[in-house]
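Peer 1: This is what each chain is made of:
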Amino acid sequence: MTVHEVEVKINGKTYKEEVESRMLLSDFLRETCGLTGTHVGCEHGVCGACTVIVNDSAVRSCLMFAVQVDGQEMQTVEGLAQNGQLNPLQKNFVECHGLQCGFCTPGILMSTTDYLKKHSTPCKKDIQDMLSGHLCRCTGYDGIVKAIEKTVEDQKVNI
Amino acid sequence: MKPAQFDYYCPKTVDEALTLLEESGFDGKIIAGGQSLVPIMNMRLSTPDCLIDINRLQDLDFIDYEEGLVKIGTLTRQNRVETSDLIRQHIGLLSEAVPFIGHVQTRNRGTIGGSLVHADPTAEIPLALMTMGGSVHIASTDEVRTVNAEDFFVTYLTTDVMPTELLTEIHIPIWEGRVGYSFQEISRRHGDFALVASACQLSVDDQNRISDARLVLGGVESVPLLVTEANELLHGERLTDSLLDKVASIVSKVIEPESDLHASADYRRHIAQSLAKRTLQEAYVKAGR
Ligand SMILES: Cc1cc2nc3c(=O)[nH]c(=O)nc-3n(C[C@@H](O)[C@H](O)[C@H](O)COP(=O)(O)OP(=O)(O)OC[C@H]3O[C@@H](n4cnc5c(N)ncnc54)[C@H](O)[C@@H]3O)c2cc1C
Ligand code: FES
Ligand code: FES
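Chains as they are written, first to last, in the working numbering: chain Z, 3 to 161; chain E, 106 to 394.
Keep in mind the hints are simulated off the structure, nothing from the lab. There may be inaccurate statements among the hints.
[As the list claims (entries may be wrong)] Listed next, the in silico EDC-like pairs over lysine to aspartate or glutamate satisfying Cα-Cα at most 16 Å (straight line): (1) E:Lys107 with Z:Glu33; (2) Z:Lys93 with Z:Asp156; (3) E:Lys117 with Z:Asp72; (4) Z:Lys11 with Z:Asp72; (5) Z:Lys126 with Z:Asp144; (6) E:Lys358 with E:Glu326; (7) Z:Lys120 with E:Glu187; (8) Z:Lys148 with Z:Glu80; (9) E:Lys107 with Z:Asp156; (10) Z:Lys152 with Z:Asp72; (11) E:Lys391 with E:Glu281; (12) Z:Lys93 with Z:Glu80.
All chains should be modelled from the sequences, with the hints used to inform the complete structure.
Peer 2: Next comes the structure, spelled out in structure tokens:
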């Protein structure tokens, strides 16, 4: 067993911690940093609940070790709201019934945030394709797709 | 589900990584994208004593064009392969194959080389490499050797890469002339592993006669299956319905698919035949354009 020092910037704040090499990034976020917004479902990359952004790409935090993010920048769902206000994407999830129990939501929000940064005008099919990496047992996905489509539309108006 | 304990090393150079591999021997394991390795570690199906993380080896993350060849570093993320214009232009079959792998989120992290070394019998990248006739470079502290796709895949989840070796680059030849290709697969759900996948790349002469064809099937054997008999039959021919039927019967004869939870052997045989015909036909039409 080896213990390593990890320094990582999460949502703009620096965390310096000691971790065991086998600690999953998802557990590090939840248990060491107290950022329990990132959810853990399957722990083998299938459900998408644990998705976070590492160095500008959405990845599964259950398939990375905490020691691997040393020196990197990350975003988790806690970083989306600004000054206590939900961001436009989050508001649209509320408005369009994009969530019920909310277990899948943080992962989907992080994937979508990364995706919309890289694809400003996705069609419905693109959105569905991106969502294929996320399991939602409640909504039937329709509200989720609508919330994302609405965010894309709103962004067009703003430009 | 938590992985067993291990020592972790994060080399900064390829040489350092090779020395670590040499020292750790059978106890060491490379981690690239971790999208296949970490799930099996979480399930404790794999409990390496020592992990050697190659994610900081930026020298292994590249896509280069050279006369007649595209070279790709092992650490190049699948997502970068998928969106590369250079790859689309010169070795487009790979661009067609990669979107079938998992999901955007796993392709953001998963690497081209990791997929090759993991060598799942239905995996898309091994199938594409075999179809395009590519080769790989494998390094150890002693030497760098080149291995062709035909000799690389040994059996289920097993390749020619030894525990003390590192896959470094992938070389894919650019076919000359009027070339067409097609990649298709059937899976239970989008992003799942394929039940059966088929890839075909071929070239035609100015009379639309096939001058070279490589039809390869995934998911029907322990390794990607080059359907040599069909490829020989196609040589010098124009593609007709009766030729397609002949190819389908060759496919049915040479494969020995297995039954499992996801599909019966009979169903796999059926889709292998259909997909072989479809990919062949599409590749032929594209080549003739
Ligand atoms: C939800 C989900 C769905 C998926 N669906 C598909 C799919 O449809 N099709 C598919 O093909 N794959 C699929 N995968 C697996 C794919 O995402 C992996 O990226 C790929 O199989 C392995 O690449 P990696 O870079 O993640 O390698 P890792 O997981 O890091 O490593 C895999 C193996 O290769 C070895 N290795 C890696 N790099 C090297 C190297 N350079 N030299 C020597 N050994 C090396 C490792 O030691 C390990 O044994 C899926 C994964 C998930 C989580
Ligand atoms: S918990 Fe990571 S994908 Fe399910
Ligand atoms: S809202 Fe309950 S799982 Fe998606």
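Peer 1: What are the numbers of the hints the structure violates, in ascending order?
Peer 2: 8, 9 and 10
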